[in-house]
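K.L.:
Since the structure of chain A is already known, use the hints to place chain B with the ligands on it.
If you want the building blocks of each chain, they are given just below.
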Amino acid sequence: MRAIIPPLALRWHDGMPRKLINKAIEVLASGMPQPAIFNDKVNILRLVSLGCPIKDANNYSINNCMVPTIPGKNFNHKSDWATGIPVPLCLNYALGISPLALIKRGGDKTIDPATLSSVDELLDVTVENCKWLAHQLTLIANIADAIYQEYAPRPFLSAVIDDCIERAQDVRDWNYTPDYRDIVFLGLNNGADSLAAIKKLVFDEKKISMEKLVKALKSNWHGYEDLQQMCLGAPKFGNDDDYVDSISRELGRRISEETMKCKTNRGTPVTVDGTTATGWWSLGRLCAATADGRRAGEALHDWSISPMAGRDKRGPTAVLKSVSKVDPLMTWNHLLNQSFMPQYLLGHNAELFAQYLKTFGDLGIHHIQFTTVDRETLKDARSHPEKHSSLMVRVAGFSAYFIDLDKNLQDSIIARTPQCF
Amino acid sequence: MPELPSVSDFLKEKGMARLNTIRETNQGVAEGLMFNIQRYSIQDGPGIRTTISLKGCPLKCKWCSNPESQNPYPEIMVRKARCNGCGKCLDVCACGAITLNEDTVQIDRSRCDLCMKCADVCPTETIESTGKYMSLKEAMEEVGKDELFYRNSGGGVTLSGGEPLYQPEFTLNLLKECKERALSTALDISGYASWRVLDRVLKYTDLVLFDIKHLEPAIHRKGTGRGNQLILENLKKIVDAGQRRVWLRIPIIPNYNDSEQYIEKLAEAVTKMPVEKISLLSYHEWGKPKYESLGRDYLFSDSAPPGQERLQALKDIMQSKGLHNVTIDY
Ligand code: SF4
Ligand code: SF4
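The listed protein sequences correspond, in order, to chains A and B. In terms of numbering that gives the first Met the number 0, the first sequence is residues 0 to 420. In terms of numbering that gives the first Met the number 0, the second sequence is residues 0 to 329.
In case anyone wonders, no lab produced these hints; they're calculated from the structure. Mixed in with the good hints there might be a few duds.
[As the list claims (entries may be wrong)] Straight-line distance between alpha carbons at most 25 Å, and here's what the computed DSS-like set of lysine-lysine pairs gives: (1) B:Lys175 - A:Lys199; (2) A:Lys199 - B:Lys59; (3) A:Lys312 - A:Lys199; (4) A:Lys386 - B:Lys79; (5) A:Lys54 - A:Lys72; (6) A:Lys205 - B:Lys79; (7) A:Lys199 - B:Lys144.
[As the list claims (entries may be wrong)] Some residues of chain A that are not near chain B, with every Cβ distance over 12 Å (derived): (8) Ser48; (9) Ser97; (10) Ile142; (11) Arg153; (12) Asp239; (13) Phe352; (14) Gly360; (15) Asp361; (16) Ile402; (17) Asp405.
In this text, a Cβ means the ideal position worked out from N, Cα and C, and glycines have one as well.
Just chain A, same shape as in the assembly:
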């Protein structure tokens, strides 16, 4: 089935038949970004921790692209109020840096860069700002929910959801547990990478002052190109480096904790969700330059837990290790996207890919989906090398960055890469 919609979800667990795994890899190798893989180890526990009875949690499926749903029982998307909160916006606001346009305030707390004494203090204020925005969105959503409940009942859905008829209630009037609503946060790892750069360059090595860095960010790095290079050289999420992975974990945990304190109209918790759709691109347009070296208006990292594009340089196992440190049970359900050259999924390599997936499951990562690097990507790297600095070419005993090969060699690789559709 060569269709993007409806999205296919595959529940990953230890007892999966090998035939099913092979089939999934075959579909991925054909260039389809499907199926997305969800880890039972995380999802069932997560639902139970939100109050869902185990027998129903075992039966979960995926609604939309990311949201676990108990078929025939619950109803999570109650209103269309959703927008995402970019974490880097909250961080920048803490430093008094305004976004490019539209959103006037990223939060309500700022600190004077001159008095900033540690990166923990900055993290605290960033979380405060995230919390402030989460509260605003909860307020809007609660109003929207009340209006929907009053003016937009769902009689058809109510007829097919358990207990609505027995209770003589519309689905909007009550909800089966787990009853929660969600808020999307994006750019967690731009936040973590930025904090890591500040920690390393301003506090650990004292190579630059916070005031100068803030000036550089406000001027979108113009005239501060060496500062930008230094920031780009700081540790980055996705390389299995505890220095920055631990910041991502802490930032995620704290944001989740604060968000859970927000309550819906029924007094049930608001949780964070990783369904970013294309927000990482569109909301990136609104964010000023960030201390991870990113320029104003550039996209944030894709989806909700992927490393920033081009900055993961240690290969796919290092990415999984980094992601596994941001425990989805203490943070939220994360959307991870990984890109592979198609030959990694073909022939003998398919077996290794299956074992890579098994390890994904063992590591307790919530979700993964794949895109294959196709000819178009390689052609794009040929003409825009700066966008593809971490694209590796590997054969036995040899590896090199694609962009460093000369044009003829690049062409020969493009020619031997299967066309994907």
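P.N.:
Relative to the frame of chain A, chain B with the ligands by itself:
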């Protein structure tokens, strides 16, 4: 009494820093000099592996796709296309080895003493150092990171190069330590080392990946700079001992070892060896830009890589000689 300068300071002062690094490795400092650590390595033995590539090799194969693996000391690699002409490298070079030509860096390697300062300051990664010393502890930390992947996939750790036997102490210690942690080990070698060295490390090696470049001593010497007597003797000893799994790796080099007659001869020579697998590895020219970045000439530019058909034909020949464990690997 005035304090004597350290050997390394003395050599640096005399502009001989590169000798310094050779000394350190020869003295058996328990550090390894490596040029690459590759995780999710899937070509150097079974399963998902981490391949540690040590720098320095006694052979100098003309077709080598990793020329940075050959010299046993750190070097600088310069990818000129990345240079933005900022001139930062110029300011830190005490040897006057750097000039800017039309906003692109130019390095006179005869003046360079490999102090690596330019690589440290270059903001665009135009100049990078290759070759990093690592202690056993650091290397084991790196190796430990993907342990779960090895266990699930039947993978492990591969020591490659360069020639890992060129740093015998480090190689021995690392393999030992891996075995202590019950990790599966593979050793990817040219075979050019004394049996005394090889014998010691084999105890801690599960799989040997052994290269055969050519069977004729004179031709071997022409292509690699060394004869092959020691190599073939070592191979025989490993196989005769019968205790290690062995994979033979045959690089197929155009106009060197790719004729039908030679492959027939090779097949006859190895047909009685109880090796698990024979890989035909196609010569490729992707390493060419690395020669340029090391300021070296690429001596192999006229040769086109053998195509898939050619490799298949050679594989068929080996098969007709009764070898059913031949694979074509990229
Ligand atoms: S390594 Fe760089 S800075 Fe040092 S001598 Fe050589 S060219 Fe000059
Ligand atoms: S420091 Fe790097 S970018 Fe600047 S001139 Fe030197 S090589 Fe070029």
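K.L.:
Hint by hint, note whether the structure agrees.
P.N.:
Hints, one by one, checked against the model:
1. Distance check on the hinted pair: B:Lys175 and A:Lys199 sit about 36 Å apart at the alpha-carbon level, beyond 25 Å; violated.
2. Pair hint A:Lys199 plus B:Lys59 does not hold up; C-alpha atoms about 41 Å apart against a cutoff of 25 Å.
3. For the suggested pair A:Lys312 and A:Lys199, the alpha carbons sit about 19 Å apart, so the restraint of at most 25 Å is met.
4. For a cut-off of 25 Å, the pair hint linking A:Lys386 to B:Lys79 stands: about 18 Å separates their Cα positions.
5. The suggested pairing of A:Lys54 with A:Lys72 holds, with an alpha-carbon distance near 12 Å, which does not exceed 25 Å.
6. Between the alpha carbons of A:Lys205 and B:Lys79 the distance comes to roughly 31 Å, so the proposed pair goes past 25 Å and is violated.
7. In summary, the hint linking A:Lys199 to B:Lys144 is supported, as the alpha carbons are separated by about 23 Å, within the 25 Å threshold.
8. At the 12 Å boundary, the C-beta of A:Ser48 stays outside the reach of chain B, the nearest C-beta of that chain being 25 Å off.
9. The claim that A:Ser97 is not at the interface with chain B holds, since no C-beta of that chain comes within 12 Å of its own (minimum 28 Å).
10. A:Ile142, annotated as away from the interface, keeps every beta carbon of chain B farther than 12 Å; the closest lies near 47 Å.
11. The beta carbon of A:Arg153 is kept farther than 12 Å from every beta carbon of chain B, the shortest such distance being approximately 45 Å.
12. For A:Asp239, the non-interface assignment is contradicted: its Cβ lies about 6 Å from the closest Cβ of chain B, within the 12 Å cut-off.
13. Look at A:Phe352: its CB is around 9 Å from the nearest CB on chain B, not clear of 12 Å, so calling it non-interface is violated.
14. Remark: the non-interface label on A:Gly360 conflicts with the geometry, its nearest Cβ contact in chain B lying 9 Å away (cut-off 12 Å).
15. Against chain B, the non-interface label of A:Asp361 is violated: not every CB pair exceeds 12 Å, the least being about 6 Å.
16. Residue-level check failed: A:Ile402 sits 9 Å from the nearest beta carbon of chain B, not beyond 12 Å.
17. Once the 12 Å rule is applied to beta carbons, A:Asp405 is inconsistent with being away from chain B; the minimum gap is 6 Å.
Hints 1, 2, 6, 12, 13, 14, 15, 16 and 17 from the earlier list are contradicted by this structure; the remaining hints agree with it.
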